[in-house]
Amino acid sequence: MCADLLSRRRFLAESGGAASLGWLTFHLPWISALAGCAREDARRDVALTHLNPSEARTMRAFAAQILPSDDGPGAVEAGAVHFIDRALGTSSFAEIAPLIRAGLAELDFRASAFDATGGFASLSGVQQIAIMKRIESERFFTEARTLVLIGTFADPSYGGNIGRAGWAMIGKEDHDMYTAPFGWYDSQSGAAPAHSAA
Amino acid sequence: MNQRTFSENETVDFVIVGSGAAGGVLAKELATSGFDVVVLEQGPWQQPSQFTHDEMAVEREGAMLNTGVEPYQSFRITDAESMRRNPGRGLLYRRGVGGSSVHFTANYWRFRPIDFKERSVLGPISGTGFADWPVTYEELEPYYTKVDWEVGVSGAPGVFDPPRSRPYPLPPLPNKSSGVLLERAAHSLGLHAQVAPMAILSQRYDGRSACMGCGHCYAYGCEFGAKSSTLASVIPKAVATGRCEIRADSTVFRVEMNAAGRTTGVAYWNKEGKERRQLARAVVLAANGAETTRLLLMSASPAFPHGLANSSGVVGSHIMFNGGSSTTGRFDHPTNEYKGHVVSRILLDFYESDPKRGFYGGGGIDARFNNGPIGFAVNGLPEDLPSWGSEFKRALRDYYTHSVRFAAHLTTLPVASNRITLDPEHRDQFGRPALCLTYQDHPDDMETKRWFRDRTQELMEAAGASRVWNQPVLPIDSGVHLLGTARMGNDPRESVVDRYHRAHDVPNLFICDGSSFVTSGRGQPTMTIQALAYRAAEHIARFARSHEI
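Line by line, the protein sequences are chains A and B. Sequential numbering of the first sequence, starting at 1, is according to my numbering. Sequential numbering of the second sequence, starting at 1, is according to my numbering.
Extracted from the complex, chain A is given alone in its bound form (with noise of 0.2 Å):
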C-alpha cells in the first residue's frame, strides 16, 4: 500500500465522503493515491484480489457491455476491472465498494429470473442488456459505469487503459506533443484573418 493514501484518507474523511453521482467532477483525492500502487501490481501481473471470483466475473460481463469488445478492444481488453479491483481494495473506498458489491449480487440475482445457474455473467448479451435497462437509472448503474470509464480512460498509470487501449478506442492518438496541422479543417481557412496593421 502506498504510504501517501494514508494523508489522502483524511481529506475523504473531511469532504464527508465523495460517493455520489457528482464524485467524477468533484475531487477524488484517494484515487490518484492507487497510481503508485496499480503501477506496481501491474508490473507484477497481480492477479485480482478485492473482488472474488463470481464478483469478478460479473464485474467482467457489466463492463463488456458498457464498452463491448465489439469491433476491437473494449473496457475488459483496456484492464477496467483491473482498476476496478484495486479501487475496490483501498479502504478510501469503504462508502462506495458496499454498493457495488451489492450492485453485483444484483445482477446475479435478477439473472436467476432467466434460470441462469451462473450468474448474470451466464447470460447471453441479450439478456444481460434487458437487465441493464431496468437498472440504468440507478445508483450503482451509474457509480460502476463511470468506474468503468475511468478504467478505460484514465493514464495507464492507474492499473486500466493498458497499452493505451481506451485512447486509442476512441481515435486518440498518443504522443506528447503534436505539430499542426492537428485537424482535416486547418489548412482549410477560406478567409485570410485581417492581420493588417490596427
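To be clear, the hints were calculated from the coordinates, so they are not data collected in a lab. Errors might be hidden in some of the hints.
Label pairs and their calculated CB-CB ranges [said to hold, decoys possible]:
no., chain 1, residue 1, chain 2, residue 2, range
1, A, T117, B, E81, 51 to 57 Å
2, B, D354, A, H175, 21 to 27 Å
3, B, P142, A, E136, 57 to 63 Å
4, A, S187, B, I114, 34 to 40 Å
5, A, E95, B, N470, 31 to 37 Å
The structure presented is a predicted model; accordingly, all values stated were derived computationally and were not measured. The beta-carbon is built from N, C-alpha and C at its ideal position, and this holds for glycine as well.
Go by the hints and put chain B onto chain A.
Showing chain B alone in chain A's frame:
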C-alpha cells in the same frame, strides 16, 4: 531555485500575499525598482517538470486546485437560506507559485475602452452596483502593452481590437480546425472571426521554449514553460534581482495592524503549521478575489469590526464570475481538438451591450474542444445518444475526434448581495473558516446566457456541423474568475481601494488582483489583472520613493 532570503524579524519593504497573475508581476516590478520583497504563497513551488498530463488527477480530482486541499465550501442563493455544502465545484483557483496563471487556458483579451465607462454610457441598472472604473483604457494601454512584451503574448491585430501602442511580440499560434470553422461560420453570417490573443509562445522568446502542441493547456501546467504563467515568465526575474524571496507553503491568516492604523506585516502558518510573522513597511494583497476577501474578513479587529479595510462594508460583495453558454457540433472530418493550444480564433461582434436586446450584457465567443477522454466519455456526448453499449462506443470514437464547441464568455453584473462571507461552522486544516458564496444570477445575466446560446447555435449551424447540440444554460454556483470583491473606486463609502489600489482605510495596505474589478469585462480577466498590476506597481514604487506610504 537559489534566492535571497529574508529573516522574519527583518522589516522588508513589501510583503506580497499571493504569487499568481498579479502577485508575480508586483514582485518582479517592485524588486526591480530596488525594494526588498517577500512573497508569501500558500501553495508549493512546483517546477514545470512536475506537471503531468494525468486527467484523473488534474481535471477530475483537482490536484492543483484549492478544492483538492480544502474540499469544503458553503453556498446559498440568498441570505434567507442557511449555508449548505456548495453543490458545484465552488470558488476555484490554484494554490502554488504562479497561482492560477499556471493552469489557465491563456486567453489574453484586452478590455476595450467601453468596459471602463459602461455605466456612464448605458446608465444605471437597478439592483446592481454597476459603476465606471476609476481608470480608463487609455491610462491602462501602456500596461497592457507591457504585459504583451513581458510575459509573452502571441496574436495578430483584429477587427474589433482597441487601440494599441505596439504590435504583438509574437505571431499567432497555428489556426486549428475549430478556428477555421468559426471563420467559416462568421463569414457566412456576415460576422468577423479574428486571431485569439494567447499567452502562449508561438516561437522561442526570452529564453523560453515555444509551444510544443501537447494539448494540455486548459487545467494543466505547462511542462515546457511555453505558457506564459508568472511561474515561467516574471517570477524567475523577480528572484534574479536578489531582492525578492518567494516563500512557498506559507498561508497568511492575518494582516497585522498597529495603534496608528497602519499595517506592520502579516501573520502566517508555515509548511509545518507553525505560526510565523513577516514584518513589512507595506503589505500588498494579491491573493485572488476569494482569498483576499477571506484574509480581510479574518483580519477584523476592534478598529475594523467588519473586516480590515471594510468601513464601506463592500469587502467580499459584488462578486462576478463571467457567465458562459455554449453549443457543440460534430463535423464530418477530424478536428482533433485534443492537440495543440485550446483557442485560435474568437468572435467579438457581440462584445458590447445593445439596448435593443432589452437587457444588459455582452460577450465574446471562442472555438475549442478541450475535453479529456474521461470527462468526454462520462457526459460529453449529446444526451439522446446511448450512454453505454456498442453504439455508445462507436459514438465516442466518432465524436471525440470530430467535435468543436463554440463557447461564449460573458458579462456578469456586480450585485451587492452576491458575495463571499465566512462560514464559521466549517474550517480548513489550519482552522480558517470556510468560504461561503451567496449568489443569485441577475435576470439580465440569465438573458445574456440564453441570447448567446442562440448565437453559438446559429454559428455552429452555419459552420456546417452535421449534428448540433447545446449545453444547458444554468445558474451560477461556482467559478474560476473571482472578480470584484474589493472593488476600486474614488468614493470610500462604496469601494475598498482607490485608483492606485491603496486601501481607503489603511495607507500602507494595497490590494491588486481580480478583486479590484469594478465590472466583469467579457470573460477573460487575466490580461487586465496583469495590466492593473503593472500600473499599480509603478504607482506604489513612486509612493514608496517619495515617502507617501
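So, against the hints stated earlier in the document, which numbers end up violated here? Result: hint 2 breaks, nothing else.
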